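Participant: Model the placement of chain B on the given structure of chain A, informed by the hints.
Number of protein chains: 2
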Amino acid sequence: MNLHQLMRDLREDNGSKIVLVVADGLGGLPLEFGGKTELETANTPNLNAIVREGVCGLSVPVLPGITPGSGPGHLGLFGFDPLEYRIGRGILEALGINFQVGPRDVAVRGNFCTVNDAGLITDRRAGRPATERCVAMCQKMQTIKVPGVEAFVEPVREHRFVVVFRGDNLGDDVNDTDPQALNVAPLHAVGVDANSQNTAKAVNHFIAEAAKLLKADGPTNMITLRGFARYPKISTMQDIYGLRAACVAVYPMYKGLARLVGMDILDAGATLAEQIDTLKKVWDKYDFFFLHYKYTDSTGEDGNFGGKVEKIEHLDAEVPHIRALNPDVLIVTGDHSTPSKMKSHSWHPVPTVLWAKMVRPDGAVEFGESFCLRGGLGQFEAKYLMSLAMAHAGRLGKYGA
Amino acid sequence: MNLHQLMRDLREDNGSKIVLVVADGLGGLPLEFGGKTELETANTPNLNAIVREGVCGLSVPVLPGITPGSGPGHLGLFGFDPLEYRIGRGILEALGINFQVGPRDVAVRGNFCTVNDAGLITDRRAGRPATERCVAMCQKMQTIKVPGVEAFVEPVREHRFVVVFRGDNLGDDVNDTDPQALNVAPLHAVGVDANSQNTAKAVNHFIAEAAKLLKADGPTNMITLRGFARYPKISTMQDIYGLRAACVAVYPMYKGLARLVGMDILDAGATLAEQIDTLKKVWDKYDFFFLHYKYTDSTGEDGNFGGKVEKIEHLDAEVPHIRALNPDVLIVTGDHSTPSKMKSHSWHPVPTVLWAKMVRPDGAVEFGESFCLRGGLGQFEAKYLMSLAMAHAGRLGKYGA
Chain A
257 MNLHQLMRDL REDNGSKIVL VVADGLGGLP LEFGGKTELE TANTPNLNAI
307 VREGVCGLSV PVLPGITPGS GPGHLGLFGF DPLEYRIGRG ILEALGINFQ
357 VGPRDVAVRG NFCTVNDAGL ITDRRAGRPA TERCVAMCQK MQTIKVPGVE
407 AFVEPVREHR FVVVFRGDNL GDDVNDTDPQ ALNVAPLHAV GVDANSQNTA
457 KAVNHFIAEA AKLLKADGPT NMITLRGFAR YPKISTMQDI YGLRAACVAV
507 YPMYKGLARL VGMDILDAGA TLAEQIDTLK KVWDKYDFFF LHYKYTDSTG
557 EDGNFGGKVE KIEHLDAEVP HIRALNPDVL IVTGDHSTPS KMKSHSWHPV
607 PTVLWAKMVR PDGAVEFGES FCLRGGLGQF EAKYLMSLAM AHAGRLGKYG
657 A
Chain B
257 MNLHQLMRDL REDNGSKIVL VVADGLGGLP LEFGGKTELE TANTPNLNAI
307 VREGVCGLSV PVLPGITPGS GPGHLGLFGF DPLEYRIGRG ILEALGINFQ
357 VGPRDVAVRG NFCTVNDAGL ITDRRAGRPA TERCVAMCQK MQTIKVPGVE
407 AFVEPVREHR FVVVFRGDNL GDDVNDTDPQ ALNVAPLHAV GVDANSQNTA
457 KAVNHFIAEA AKLLKADGPT NMITLRGFAR YPKISTMQDI YGLRAACVAV
507 YPMYKGLARL VGMDILDAGA TLAEQIDTLK KVWDKYDFFF LHYKYTDSTG
557 EDGNFGGKVE KIEHLDAEVP HIRALNPDVL IVTGDHSTPS KMKSHSWHPV
607 PTVLWAKMVR PDGAVEFGES FCLRGGLGQF EAKYLMSLAM AHAGRLGKYG
657 A
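Sequence lines, in order, name chains A and B.
Using this note's numbering, the letters of the first sequence correspond one by one to residues 257 to 657.
Using this note's numbering, the letters of the second sequence correspond one by one to residues 257 to 657.
For reference, chain A alone in the conformation it holds in the complex (with noise of 0.2 Å):
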């Protein structure tokens, strides 16, 4: 009996409302010995209130220890462990763009590079050509022919694109061709197994026939790709939890999780304003609602302390529109943390706040690190988060007479 089903035979249909806003990247750490993390420096006087009359824990992403990319982050939020479901990154920016990836498809992330006469590459991201310039390379290497094999370029912004290509037995065990340093050449596609050998073939002549194409086209005037993947399997929002699932997000990635466990992607505006009306508009029409807040965790990549504070600051200040809704389950918490004092995603556990009815309260007062670490949740995998919203939304029935 697995998690999955185990919500297929318990849930009920009670009309319930869960909202989910993920603050990404939302843990963090103090800069110095003593001092306070950023969610502990913010002043979030609403948020603060859910923690006290909600419960809150820590919740670990993966496993302790095991520092999260967005897809793995995602996933366990939706109930999903994240080791058993593994998403390439091609799939997601494939997803993000709307490109309806299917069976026979290998999708892969393209980067816009700069390389010099001897092929080797000065600039890894073509100094952020905008995305004009990207809709027009992309235009450009959709001509290209692939023999056996259909190759779809599509843009994403500033230097980033997809490639899909779609052909008969294509796997996706296939080296990233981006090296992932200055001063030296794209690496060469190599497939393991043979399908991936067969991937291998078509994304070398892919690449081989860009490089011809964007010569003179500086500095955006090679291509890199990584994450070769092929769609997963993976069971629906619906099908596990019978909820109508809504994703309000503004970043492609996020959409593109999102729509991977059949939520429906909604245009969401740029703002989380605009976000918070668009969830007012199909209030009705939804059971479940996630809600990306991208900047907690640019913030933080970028180092910046004092900006990840203020963009909590901001998400609190939105917090009343949520409540106004009148949610049933309303949780608040990260796909990992992003502690601006390592500029990067990490495996602290992530706070947490599930405000319902039926918690049992746990005294915690403030939206905090060090009080999410003495909260009723515990410190908790994520992938057991949505089995907590289900309980608290009156949404599952008892297990066993």
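Honestly, the hints are just simulated from the structure, not real lab data.
The model shown is predicted, which means the values in this text are computed figures rather than measured ones.
Since the list gives no way to pick one copy over another, a pair counts as held whenever it fits inside one copy or between any two copies.
With a cut-off of at most 27 Å between alpha-carbon atoms, the simulated BS3-like pairs for lysine-lysine come out as follows:
| # | residue 1 | residue 2 |
| --- | --- | --- |
| 1 | K654 | K273 |
| 2 | K654 | K550 |
| 3 | K613 | K541 |
| 4 | K613 | K537 |
| 5 | K597 | K273 |
| 6 | K599 | K613 |
| 7 | K597 | K613 |
| 8 | K273 | K599 |
| 9 | K468 | K396 |
| 10 | K599 | K654 |
| 11 | K597 | K654 |
| 12 | K292 | K654 |
Facilitator: Chain B alone, transformed into the frame defined by chain A:
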């Protein structure tokens, strides 16, 4: 290496005694924000003394968010993963009335109900008849002949009885005939696979005969059946832990659960004082004593906060009599929470205290959800309670050299 095999490999017999007191549905919730739970409200000087000298924590019966029935709740406490061992209601009821279920049997729980002239249910419990009437009606149904199958009809109490269908190739994947609603007719039994279709055929024959037989016996003029179940494969406490185990329970369901894992079922009387007297009488004959106390659950189910507080205080008053027996390990816990506020079982972790000489103290001073949240056992899966009990009883050797 699973947990049970580990126990078999490491166990040692040192003559120590373990008492497991299960206060059914022990965990609760405050009625109002800022209030105390039932257990925190109760005046429990004797339980508090155990907490001060012992170690406490919160037991998670199945998984976060999962509300267990009595079966999974108790199996967890006995050290069985409740997701691996699933016990049908029919088996539990049959075991609880001392019926010796065998490998050719399918057992099911029956209810007398009242139907009107149109055959629609007007009372799902037939007005809760006296047990004597239940006995008489079961004797009447015992005359029913089912072709190729033996049917044993055994009274439980009030409107409740058990039917055991004995024959070859009888499966238990059969739906409940209880529609769990009024003004509808009892459902027809349908088997999912071939063997279960054999069972369904026998069941429908039995029900049709019962309907004729009881026609004039209103309000007990019809029956519903639910929880068809074959006898599960499960190891005994003796086999896993090397413990001579005894059950001192009043209600059939809990005797049934204990018999299932090989405990001897003792004649316990009807009160806690009588149960403890029984314990005293057989103290030398057993190593492990399961004492079940029902009323913390039934008051919770009734939404009777004050009543639950009283029942907890009643338990507390008897604790010194258990301690007087000088057990090596004394555990007080519950199989799940039953908050009066919810009038039902719930998923909230269950307050637990373990007293033994070699505990590491945790500073807790009162038995309650808040202290248990910060207790030395942390939040732990119920299935680990027995290995903790064995360890503190000095009954587990070292794992590995």
